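Chemist: First to last, the sequence lines map onto chains X and F. For the first sequence, this note's numbering gives the first residue as 1, with consecutive numbering after it. For the second sequence, this note's numbering gives the first residue as 1, with consecutive numbering after it.
Honestly, the hints are just simulated from the structure, not real lab data. Because the structure is a prediction, the values reported are computed rather than measured. Even glycine gets a Cβ: it sits at the ideal position worked out from N, Cα and C. Any given hint might turn out to be false.
[To be verified] These stretches of chain X come out as covered by chain F in the derived footprint (C-beta under 8 Å, 3 or more residues): (1) 35 to 44; (2) 98 to 111; (3) 193 to 203.
[To be verified] Straight-line C-alpha distance at most 35 Å; calculated DSBU-like pairs for lysine-lysine: (4) X:K178 to X:K73; (5) X:K73 to X:K105; (6) X:K105 to F:K124; (7) X:K178 to X:K117; (8) X:K20 to X:K117; (9) F:K124 to X:K208; (10) F:K124 to X:K73; (11) X:K167 to X:K117; (12) X:K217 to X:K73; (13) X:K217 to X:K167; (14) X:K117 to F:K124; (15) F:K124 to X:K20; (16) X:K208 to X:K167; (17) X:K105 to X:K117.
[What the hints assert, rightly or not] For the chain X half of the interface with chain F, some residues (derived, Cβ under 8 Å), not all of them: (18) L52; (19) P72; (20) S83; (21) A85; (22) G351.
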Amino acid sequence: MIDIRISNCNKNYGSLRVLKDINLEIERGEFIVLLGPSGCGKSTLLHIVAGLDRLTSGAIEIGGRDVTDVEPKDRDIAMVFQSYALYPTMSVRSNMEFGLRMRGKPMAEIRPLVEEKARMLHIDHLLDRRPSQLSGGQRQRVAIGRALVRDPRVFLFDEPLSNLDAKLRASMRTEIKKLHQSLGTTAIYVTHDQLEAMTLASRMVVMKAGEIQQVGKPEEVYHRPVNLFVADFLGNPGMNFMRGHIRLDGGHISADIGAAILPLDGYAFEAAPADGQAVVVGLRPESIQPISGLTSGGGAFTLTLRPTLIEHTGSDNLVVLAMGDEEIVGKFPTDMLPKLGEPVTVGFDLGRLSLFDAESERRI
Amino acid sequence: MPAPTDATPRPARSGWLTPRRSKAMLKRAVLYLLLAVVAFFFAGPLYILLSTSFKTMPEIQAGGLMALPHEPTVQPWVTAWGEACIGITCGGLKGYFGNSMVMAIPAVLISVMIGAINGYALAKWPFPGARFVFAALVAGNFVPFQVVLAPVSVTLRTLGLFGSVEGLILIHVIYGIPITTMLFRNFFLSVPNDLIKAARIDGAGFFWIFFRIVLPLSPSVIVVALILQFTGIWNDFLFAVSFSNPSSAPMTVALNNLVNSNFGVKEYNVHMAATVIAAAPTLILYILLGRYFLRGMTAGAVKG
């Protein structure tokens, strides 16, 4: 069942087109993450779903009802802000009660509801404090609690964890995921943090310059990016890109990248390649490993390369390898580290390879 | 100003008057001297005002402006408050003091309230033409009141409010709105937009958000607006003298008529007492709310 339908949505600020023909359908219970660099329009899209921004043209449906011209309060949504947006002069309790009181719910019903949700979020001992007396993590819990008590049809999150430090962010991320699993409420979550997007999303929407680039399950978007932008935006360290051209040679397809010729017989082409077509080959660092570390099939392809730099990140080791005039990055387990300058045999997991047309930058 | 302190014990010095220390002392001395001059400049007149108001007329005529009263008397105060002749009536200032209160209190409250709502709308609910409205209001701050005397006079006559306290209230409210609006708008710009958005999603409307969320954040700017408006309206002479009649005249006009009357001996002690009475309400307001005023004036200068 479709819970939210965004149809042909455009938003202009004067001559600036912030959103261009956005179409998106969200199923009931999905956790949708809008991901993109700053200025890509993801927050604007969220504000439009919330009703805080007017759209220039198009329509928004929530729960089968056209809400394009409906006030935010009548859309059956609740929102969590990056700045928490707690009412500074009210206690935590009053903050959580506010929305229900505005809706004229009797206090006798509000009280137990607020206390229940506060216990759920472990903030029941903070109910009589002011927001200024709370830490960042506690404030964000209160903000989530304020959204929870309303029991809305849709949760909207606008970069809720961006103001927290790294460790707290990770634990709050887990909690939001658990919360969604237990409540099953439809959610739209805006972030520029790909780790949040990958871990939280049931489907993610990658945006750039007001346009949707790709919609899909996180692993699908990660492994089969539809264009160079998505491929480059996701992953840390980023995908290796190697320029080259297609060779069609008696039934065999390969990509000539100068330093090597990569066989592409196992590659699932989306469009028929042409001989000599200029392409960009993309391969993630985890698909470039010492030969014994490779796990997935798809034809082991090996090259002997010279390591020029090794970076230790703790869990992984990033090895920079010279390949012709260019450099590529591979991920090596700690017990298989090569020595600097000594050539090492490296396996390429070509089953994980992505191929893009050099001109259109689209996946082929 | 707190003196710089050093937590660690100093090593023994050959003499206490090191070059560094003597330089600091010189600076300090200059500072105190300047402060003393400024304090004298402002407090001197107040001292003369107060001491003269407790002197008898013979003592004043004997000279000695700076001397304290030999035989202090409160008679000048009693006269100024209830007996002095202003124009043709001899009932003292008390009636005019009442006029001023009846004029200033509603005018201050109404102009501050309207300014707050205007400022809130301009800062947080952008509407088409909001920038133009704000620009016009800002320009309103720069209109000299002399320019508007004639049109206001006609307007008040048309409304049948000429010479009444209500007419003065109306004029003070209208000419108070530009400054209060500007004050509140600039303050409300610092209120996070997310707060307004969160409240809108929670179901609060324009006025609910104003009274429950925005206004409780603004005690300092409210105090600034109240003090500015009260001082301005209480001390106003131009509108008061132009649009009041003897029965509705506020303090400023009465004081002028008392001090500038040409009948008989000039009773300086009564004049001085009357002047202090006229200045008392604004003085008391500053003393009571002064610290909020300072806080409000610097609010936003330092991120809290």
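Chemist: Confirm or reject each hint.
Modeler: Outcome of the hint check:
With a threshold of 8 Å between beta carbons, the proposed coverage of the segment 35 to 44 of chain X by chain F is violated, since 0 of its residues qualify and at least three are required. Given a C-beta distance limit of less than 8 Å, the hint that chain F covers the segment 98 to 111 of chain X holds, as 4 residues qualify and 3 suffice. Check result for the segment 193 to 203 of chain X against chain F: violated, 0 residues qualifying (beta carbon to beta carbon below 8 Å, three or more required). Of the pairs offered as hints, the one joining K178 (chain X) and K73 (chain X) holds, with about 27 Å between alpha carbons and a cut-off of 35 Å not exceeded.
Between K73 (chain X) and K105 (chain X) the alpha-carbon distance is near 14 Å, which keeps this suggested pair within the 35 Å criterion. About 28 Å separates the Cα atoms of K105 (chain X) and K124 (chain F), which keeps this hinted pair within 35 Å; it holds. Of the pairs offered as hints, the one joining K178 (chain X) and K117 (chain X) holds, with about 14 Å between alpha carbons and a cut-off of 35 Å not exceeded. Between the alpha carbons of K20 (chain X) and K117 (chain X) the distance comes to roughly 39 Å, so the proposed pair goes past 35 Å and is violated.
Taking the CA atoms of K124 (chain F) and K208 (chain X), the gap is about 29 Å. The hint holds against a cut of 35 Å. Distance hint between K124 (chain F) and K73 (chain X) is fulfilled; the C-alpha atoms sit about 17 Å from each other, no more than 35 Å. At roughly 24 Å between alpha-carbon atoms, K167 (chain X) and K117 (chain X) fall within 35 Å of each other, so this suggested pair holds. Taking the CA atoms of K217 (chain X) and K73 (chain X), the gap is about 31 Å. The hint holds against a cut of 35 Å.
Under the criterion of a C-alpha separation no larger than 35 Å, the hint pairing K217 (chain X) with K167 (chain X) is consistent with the structure, at around 25 Å. Using a Cα cut-off of 35 Å, the hinted pair K117 (chain X) and K124 (chain F) holds, with the two alpha carbons roughly 31 Å apart. At most 35 Å may separate the alpha-carbon atoms for a hinted pair to count; K124 (chain F) and K20 (chain X) meet this at roughly 27 Å. Simply put, K208 (chain X) and K167 (chain X) have alpha-carbon atoms about 28 Å apart, close enough for the 35 Å limit, and the pair holds.
Note on K105 (chain X) and K117 (chain X): the hinted pairing holds, with a Cα-Cα distance of about 16 Å set against a maximum of 35 Å. Proximity of L52 (chain X) to chain F holds as hinted, the smallest CB-CB distance being about 5 Å (cut-off 8 Å). The beta carbon of P72 (chain X) is positioned within 8 Å of a beta carbon in chain F (closest approach about 5 Å), and the interface hint is therefore held. The criterion of a C-beta within 8 Å of any C-beta in chain F is met by S83 (chain X), whose closest approach is roughly 5 Å, and the hint holds.
Using the Cβ-Cβ criterion of 8 Å, the hint placing A85 (chain X) at the interface with chain F is satisfied: the shortest such distance is roughly 4 Å. Proximity of G351 (chain X) to chain F is violated relative to the hint, the smallest CB-CB distance being about 46 Å (cut-off 8 Å).
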